[in-house]
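Undergrad: Protein sequence lines, in the order shown, are assigned to chains C and Y.
Each residue of the first sequence is one higher than the one before, counting from 1 in this note's numbering.
Each residue of the second sequence is one higher than the one before, counting from 1 in this note's numbering.
One thing to keep in mind: the hints can contain errors.
[Unchecked claim] If we take Cβ atoms under 8 Å as the criterion, some of the chain C residues that face chain Y in the derived model are:
| hint | residue |
| --- | --- |
| 1 | Ile111 |
| 2 | Arg116 |
| 3 | Asn233 |
| 4 | Gly456 |
| 5 | Phe459 |
Please keep in mind that the hints were generated in silico from the structure rather than gathered at the bench.
Nothing here was measured: the structure is a model prediction, and the numbers come from that model.
Ideal placement from N, C-alpha and C gives every residue a C-beta, glycine not left out.
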Amino acid sequence: MDGIEILVRIAWLLGAASFVIGLMRMNSPATARNGNLLSAGGMAVAIGGTAVLLAFNGNVAPTGWIIIAVGIAVGGGAGLYTARTVKMTAMPQLVSLFNAVGGGAAALIAIDDYLRLSSLVNAMTYVPVTIPLQISIPTVLDIVIGGITFTGSLIASGKLMGLISGKPIMVPGGRLITIAIVLVAAAGSLYLWTGVISVPVMFLILAAALVFGVTMVLPIGGADMPVVISLLNSFTGTAVAMAGFVIGNDVLIIAGALVGASGAILTKLMADAMNRSVLNIMIGGFGGGEGTVGAMTGAGGSVRAIGADDVAIQLAYASSVIIVPGYGLAVAQAQHGVRELAELLEARGVDVKYAIHPVAGRMPGHMNVLLAEANVPYPQLKEMDDINPEFDRCDVALVVGANDVTNPAARRPGNPVSGMPILDVDHAKSIVVIKRSMGRGYAGIDNELYANPKTGMLFADAKAGLASLVTAVKAL
Amino acid sequence: MNAELLAALTVFVLAILCGFAVISKVPATLHTPLMSGANSIHGIVLVGSMLIAASATDLLSQILSLVAVAFATMNVVGGYVVTDRMLQMFKKKPAPSAPPAPSEKAGA
Numbered sequence: 001m002d003g004i005e006i007l008v009r010i011a012w013l014l015g016a017a018s019f020v021i022g023l024m025r026m027n028s029p030a031t032a033r034n035g036n037l038l039s040a041g042g043m044a045v046a047i048g049g050t051a052v053l054l055a056f057n058g059n060v061a062p063t064g065w066i067i068i069a070v071g072i073a074v075g076g077g078a079g080l081y082t083a084r085t086v087k088m089t090a091m092p093q094l095v096s097l098f099n100a101v102g103g104g105a106a107a108l109i110a111i112d113d114y115l116r117l118s119s120l121v122n123a124m125t126y127v128p129v130t131i132p133l134q135i136s137i138p139t140v141l142d143i144v145i146g147g148i149t150f151t152g153s154l155i156a157s158g159k160l161m162g163l164i165s166g167k168p169i170m171v172p173g174g175r176l177i178t179i180a181i182v183l184v185a186a187a188g189s190l191y192l193w194t195g196v197i198s199v200p201v202m203f204l205i206l207a208a209a210l211v212f213g214v215t216m217v218l219p220i221g222g223a224d225m226p227v228v229i230s231l232l233n234s235f236t237g238t239a240v241a242m243a244g245f246v247i248g249n250d251v252l253i254i255a256g257a258l259v260g261a262s263g264a265i266l267t268k269l270m271a272d273a274m275n276r277s278v279l280n281i282m283i284g285g286f287g288g289g290e291g292t293v294g295a296m297t298g299a300g301g302s303v304r305a306i307g308a309d310d311v312a313i314q315l316a317y318a319s320s321v322i323i324v325p326g327y328g329l330a331v332a333q334a335q336h337g338v339r340e341l342a343e344l345l346e347a348r349g350v351d352v353k354y355a356i357h358p359v360a361g362r363m364p365g366h367m368n369v370l371l372a373e374a375n376v377p378y379p380q381l382k383e384m385d386d387i388n389p390e391f392d393r394c395d396v397a398l399v400v401g402a403n404d405v406t407n408p409a410a411r412r413p414g415n416p417v418s419g420m421p422i423l424d425v426d427h428a429k430s431i432v433v434i435k436r437s438m439g440r441g442y443a444g445i446d447n448e449l450y451a452n453p454k455t456g457m458l459f460a461d462a463k464a465g466l467a468s469l470v471t472a473v474k475a476l
Numbered sequence: 001m002n003a004e005l006l007a008a009l010t011v012f013v014l015a016i017l018c019g020f021a022v023i024s025k026v027p028a029t030l031h032t033p034l035m036s037g038a039n040s041i042h043g044i045v046l047v048g049s050m051l052i053a054a055s056a057t058d059l060l061s062q063i064l065s066l067v068a069v070a071f072a073t074m075n076v077v078g079g080y081v082v083t084d085r086m087l088q089m090f091k092k093k094p095a096p097s098a099p100p101a102p103s104e105k106a107g108a
């Protein structure tokens, strides 16, 4: 190991350390941005170090430099442009897209490495060369995991963009196809692990992984996509760590394992907050989200519809209002409307706060991002445990597009939302729900809150409903 | 199992535990930026992509590594920029004039 290589390895170590510290600093909103910049700085050092290593020790041909320069220019340009121009509401699908290409890159490294090993063998046809397990295991895992995450993330992104229906798509015999694919991939993997080199079998495994990514995500409803993206993010981390084993590079192993672990924890936290198990979500066919419109309430008690003018009077003469934003607000992109209404009310001396359920929106924390984009002051956003006691003192709770997270049935055992942490909206003196119809949330059950005598239903799309409220409050 | 592989496995396992420890402390509010931040970190795969691109000799290998470098760079650059955009919104606004004033009056 010469001086340059030692320096570069230290640069990689610095990168790895900055990723850990960067993630730690993302603990609190005050240090999060700094943490991300630190992580980006570490990334720049690690990549710069790699370039230095190649320049001094690599004997890189001009074509090699051209490939690197063109690749960085094209990929960097595409990444920078999309990241700069994307609307914040479309951000989850972009994260999924970036995740797809990361997984794709990891798979390509293993494919390339395998093809090189196979060409070595062809050169000396008469000598049967085998690949040791320590290479063949991570190579196959990298191809399988990277392949799944590439197509899976693309499908997830397509579902969120609306290119593919957000409803669970069930292919007849789909489960059988999936099982067949898994068997093919497993048999192929075992075959390669015996040390035999076979390029066709490697490509067969790759094809099986790519198809599996599609069949895994297609049957899952749009509302569950955040959990799926988080899981696939974890997969990509694992694939990158495997790529690190394939080419023998520690920084890939460290960063990949770090992301693999963090993604796994995050996935579990998201699923827990929705009172679902990850397995349950992956089996799919349950989370239709917005697709399950039209199922009328069967729970006892009638529902009281209310007009925008009545709601406006209630809100304007209240002393405190708590706004409960949810998935419907995110879908309707009504965050600016809600901020406008809140400012009008504040100008009239009403105390306005926002109750943010941990899984409000499309991902944990997504609602905070959306509201922050609409310039809602950060101190007004209250987390569930902080805001719940305040519902007792609140005059009007305004629920915009949130459903299951407000269902009092969660306090009783024996139904799909049992035990799920909820916002105590029913403790408010009066409740107004803006909702398109009596459709169910993705737990698939009726919300008892709507049948509460204190509740008035304003049937409208979140954006249109808020706009009519703004007009009505202005007219007062 | 040779010493190099053992060292790599050690690093792998410790990094996994490290990931568990770091993440379990993050509040739900920051989960989306966190996911996006973790997403950019696995863009480190660019280092591996550059290494294979540098030693690519045949055309197929050159094409594969070009795509790998482009994909990985998109992951890195896009990931960090979009995470920064999200986190930028969390910074405290310098006390805007309109909203606080009326609510103080109401409280008095």
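Undergrad: Now tell me, hint by hint, if it's right for this structure.
TA: Hint check:
no.: 1; hint: Ile111; result: holds (6 Å)
no.: 2; hint: Arg116; result: holds (7 Å)
no.: 3; hint: Asn233; result: holds (5 Å)
no.: 4; hint: Gly456; result: violated (24 Å)
no.: 5; hint: Phe459; result: violated (30 Å)
When held up to the earlier numbered hints, the structure conflicts with 4, 5 and fits the remainder.
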